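Asks: Residue strings, one per chain:
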Amino acid sequence: MGSIKDKVAIIGMGCSKFGERWDKGPVDLAIEAAYEAYEDAGIEAKDIEACWFSTLMSPVNGISGTVAADGLKLGNIPIIRNENWCTSGHIALLEACMAVASGAYDVVLALGVEKLKDTGFAGLGAGRGMHPVYEARRTAPGSFALIATRYFETYGLSAEEGKMTLAKIEVKNHDNGSLCPKAHFRNKITVDTALKAPIVSWPLGLFDCCGNSDGAACAIITTAENAKSFRGDPIFLKGFGISTDAMMPHFRPGFSWTSFDALVNSSRRAYEMAGIKNPREELSLAEVHDCFSITELLIYEDFGFSPRGKAKEDVDSGFFTRQGGLPVNVDGGLKCFGHPVGASGLRMTYEIYKQLQGKADLPERQIRNPRLGLSNTFGGPPQMSAVAIFGNEKG
Amino acid sequence: MHKVGISLCGGYLPIYRIDRKLIADNWGRSCLGGERAVANNDEDAITMAVEAARNCLCGVNKDEVDGLFFATTSAPYQEKMNSAMIATAADLKRDIVTADFAHSLRTGTGALKAALDSVKAGSTRSVLVTSADCRLGYPRSDQEQNFGDGAAAVLVSDQNIIATFEGDYSICNEMHDVWRNPEDTYVRTWEGRFILGEGYTNHMVEVIQGILKKYQLAPKDISTAVLPASDLKTHKGLVRKLGLDPETQVQDPLLSSVGFCGAAQPLLMLVAALEDARPGDLLLLANYADGADALLFKVTENCASAGCRRKLRELLDHNIMLTSYARFLSYKGLIEAMPGEPFRLFPSATVTWRERNSIIRAHGSRCQQCGATAFPVQRICFQCHSKDQFVEVPLADREGEVFTFTLDNLAGRSDDPVIVQTIAQLEDNARFYGMMTDCVPSEVKLGMPVKLTFRRIYDGMGIHNYFWKLRPVIKESVSNG
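Same order as they appear, the protein sequences are chains A and B. Residues 12 to 406 (the working numbering) make up the first sequence, in order. Residues 2 to 482 (the working numbering) make up the second sequence, in order.
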């Protein structure tokens, strides 16, 4: 396979405030994110030659890129919408990068918008699938919790030990989120709070589940060659990987439920392109898909951050905290920053971008001397993973 | 002479029971005693008939079943062939005769008589007669306590007969005693003394005396009288009038343990009688509604070897008590509890039709290149990627165990809030993903043995969406194959 390492760079990013944005529609959220990015890149809307737009359901399906076209008045440029579950934002970003790398465009926008709080329901709801019979009552927590039950069994964790490990991940993410002005949830919690919370889908409790939020995030991308003419500190794409498992995990014969090929393959491909041999040592920070606490735990292992079955030890030692060896979800993750589905991949990348520039909004949460950062989303039944790795220097 | 009769039989009872005292106490009324069976909120007459049919068709070559009849007064569809759904879910072949029998509590014996005549005439080799009912009595009425939900199935055949059909006698009588109009939710009745005395008792006596006379028999010749009745007092009175010994000659009417299951009661009691019968026994089945039917069966030597998957006694013993009258009402659809999460995915007639072999028949596919098995049917093998090189394999009767699960509080109804999302590992390494039903969620464990059961998973757009769920396996006795 080919590589576009160091061929494209992000020169501007924007991210709306995430949360229950009752008084803002999808268009308002898009404007909030896009105009921050224009200013950041020092460009105007008319400079954008193409837009990759991602949303799961905002405001409805089957309306192409109308939110971006009507909301941002982007002129007569191509607007390409994609829906790829939770990876939609990453797919918009990576498709935009590939378009620039191909030479077809010089300056493009990747925009993700989600307005979950217009549906009248607290969560994504039941019936999350493609089939009206087989997946009639499938929910997101109901699918990801299947991983937890099996993970505990496979690695010999009692329900108490398993839940305690997951609680520590959430304490970390809440601690991180408390320092993020744009995050949905900014409260700190204790292990006890997490363990005593109501069960959503056993063994997952309330604090094991991410926020259902409104939000938008975007990136402006140009060639690595031209990037420095826009700003002195562009962020370069080092590698990426996208993988969709061949068969939905629920029906896949023999499936372990403790490791997903999509996660393993997408990260391996991204490491190869970026030239990373030991992600645990080489990455400065990572934003991974913590839709549920168990997902983050699973990703530690599938991404090679922790040895198989040993993630608990790294959680216990604080390896993934801001002060640890590999800080993960330093902006609070999906859990606290929020999870407006189509925007999430771009929001994670926004954090990586700011950290790599040394421009985290509050100095106390700035990672010291970062070099390489990874962002990842994992979505569907679950089935699909996207990974992007960025660096602040070429080479 | 061409002998026909019953070669297999199987009953079905929903897992839930409610103590009649719970109903009575809610109304400050006297309790009629005992408990009644209550269909789960994912069950109806179709699903219960399917379970009875599957229980009955144990060790039989399904290709020899030439017909399926379904008798009920509570058909989920007013217009649409319910028996076609049952025959498909029971995975019978396509070139069979199916028919719905309806509108009367005599429809169960009517369907049985039609099946016996059909096999006797030689137009079919065997016909599966199914019957199920879940009728509703007015809240506060005696019927609310007395009625039960249940199903039964018998295979009528001229091979391997366990009870030979010896003869029948019927009376037709028009009277308004028990009825239901198209717009009615509940069963209507005239004055009790009229319907039980002039109606039920007199006609049951007349039809039984008629059949005894026709075949030159005396009451003492009857080994077991199967006499469905709406209440115990009336049943006792009838037995006394007929001069039968209540201790030795009368089948338990199942009223204390199950309740009166409407159109299904005659076949359900017949199944109970056949499960306890001995070779040489003469069984009398009589059934009342606008007249009466009586049928005689002689039990053969084959009865000892005949088996169904789950004996009625086990179904009776294995139950979960419903502890709330409000839940009883909402399970019956009589009060609307706060809705749970709405459905994003609506039933589709075309999807279900196109994929009926997987959705209704529970067929998976087995790759002819590498042998891998999967559910639902996969055109491209998940293992060796060969295209369209598969044979369909029925998975409904496969053993399975829980591979992983979660107790999902988000997806359920507010009156039944926990959905046990389950991945089951079936034989041949196939996986089935579905909801677990008929279980106590807190008792679900990894490795727990489970089986598939046919249920109504939800309604939408006026369509009842039927599919399979998983249920814990209770002790299952004999199996004949």
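Treat the hints as calculated values from the structure; they're not laboratory data. Computed from a prediction, not measured in an experiment: that's the story for all the values here. Any given hint might turn out to be false.
Quick list of simulated restraints, FRET-style, between CB atoms [stated by the list, open to error]:
no., chain 1, residue 1, chain 2, residue 2, range
1, B, 355, A, 370, 46 to 56 Å
2, A, 283, B, 461, 39 to 49 Å
3, B, 355, A, 74, 25 to 35 Å
4, B, 340, A, 141, 51 to 61 Å
Pairs of lysine-lysine, DSSO-like flavour, derived with a Cα cap of 30 Å [what the hints assert, rightly or not]:
no., chain 1, residue 1, chain 2, residue 2
5, A, 207, B, 446
6, A, 199, A, 239
7, A, 321, B, 237
8, A, 84, A, 365
9, B, 114, B, 22
10, B, 446, A, 179
11, A, 199, A, 288
12, A, 199, A, 321
13, B, 446, A, 323
Here a beta-carbon is modelled for each residue, glycine too, at the ideal position from N, C-alpha and C.
Asks: Give me the numbers of the hints this structure contradicts, sorted from smallest to largest.
Replies: Structure breaks hints 4, 6, 7, 9 and 11.
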